[in-house]
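Q: Sequence:
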Amino acid sequence: MESFLVDLMVVFVSAVFFGIGFRFFKLPSIVGQVLAGFVMGMWGVLGLSSVEAMKFLSTLGVTLLLFLVGLEMNWKDIRHSGKTVFKLFVAQTILLSGVFVIFAIWVLGLSWLPALLLSIALTFSSTIVVVKTLSEGKDIKGFVGKLSLGMLLLQDLLAIVLLALIPGLKEGLSSAVLSILFLKIAIILLVVNVFGHYLISWIMKFAIKSSEDLILFSLVWLFGVVYFSTNVL
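Residue numbers (the working numbering): 1 to 233.
Please keep in mind that the hints were generated in silico from the structure rather than gathered at the bench. Bear in mind that the values here come from a model prediction, so they are computed numbers and not experimental data. Glycine included, each C-beta is placed from N, C-alpha and C at the ideal position. Mixed in with the good hints, there may be bad ones.
[Said to hold, decoys possible] Estimated spans, in silico, between C-beta atoms of each pair:
(1) V6 / H197: 24 to 30 Å
(2) A159 / L108: 29 to 35 Å
(3) G196 / L95: 31 to 37 Å
(4) M204 / P114: 40 to 46 Å
(5) L199 / T84: 29 to 35 Å
(6) V144 / L190: 28 to 34 Å
(7) Q92 / H197: 28 to 34 Å
(8) L222 / K184: 15 to 21 Å
(9) F217 / S111: 23 to 29 Å
(10) L199 / K83: 31 to 37 Å
(11) F223 / V90: 31 to 37 Å
Using the sequences plus the hints, can you model the full thing?
A: Structure below.
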């Protein structure tokens, strides 16, 4: 336990100093933090047990950050710029993935489905990096920020579908396998939407009386949805 706390302190100190250094050169601090992790991994600074614990903490951190991304999204703004966002998303996905598909099939020798999945994945932007960069530049509420968040939302939704398809590649994507996969996605979206619209909104309005209760309940809701999505279905 003591060695893990020391490793954790080393990680935090390194991330802080790398982040400050990159901000000094007018660069996003998250790039410095990623570089800090790369350097520490390359030098083997952390013990094996600490590495496993860090993986858990990083997964937890990404989950919380993506939850905050959802909180930053104003659905009225997204609907207002929805047509523009959708056109940009389709153009980016079709043009870039089309080039990557041709490369993957003809150069790498992949079959069409793995080539398509890989090509679409390569067109995605990192939600974490983009949101962190926009937040640091105070642009997340501006026009560019709204378009970027809309694009990231569509990419994340497409990523959910792709991640659901990947396990089916081992069994072969028959119509039955595809039907089950899309049924699971539909159930998750339906349950989250119904509970979020009726039960959660009621609890927020009548039961939550303090900021502490709000934070704790938000975490319960977040991890409940994650558990339901990964273990129940």
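Q: If a hint holds in the structure, say so; if it does not, say that too.
A: Going down the list of hints, with the structure as the test:
Between V6 and H197 the beta carbons are some 46 Å apart, a value that contradicts the proposed interval 24 to 30 Å. Under the hint 29 to 35 Å, the C-beta atoms of A159 and L108, about 21 Å apart, miss the expected range. Range check, G196 to L95: about 35 Å between beta-carbon atoms, so the 31 to 37 Å window is met. Taken as a hint, the range 40 to 46 Å holds for the pair M204 and P114, whose Cβ atoms sit roughly 43 Å apart.
Between L199 and T84 the beta carbons are some 34 Å apart, a value that agrees with the proposed interval 29 to 35 Å. The hint said 28 to 34 Å for the Cβ distance between V144 and L190, and at roughly 33 Å that hint holds. Remark: the range hint 28 to 34 Å for Q92 to H197 is upheld by a beta-carbon distance near 31 Å. The hinted range of 15 to 21 Å is satisfied by L222 and K184, whose Cβ atoms lie roughly 20 Å apart.
With their beta carbons about 46 Å apart, F217 and S111 fall outside the hinted range of 23 to 29 Å. At roughly 32 Å, the beta carbons of L199 and K83 sit within the given window of 31 to 37 Å. Range check, F223 to V90: about 34 Å between beta-carbon atoms, so the 31 to 37 Å window is met.
Consistency with the previously given hints fails for numbers 1, 2 and 9, ordered from lowest to highest.
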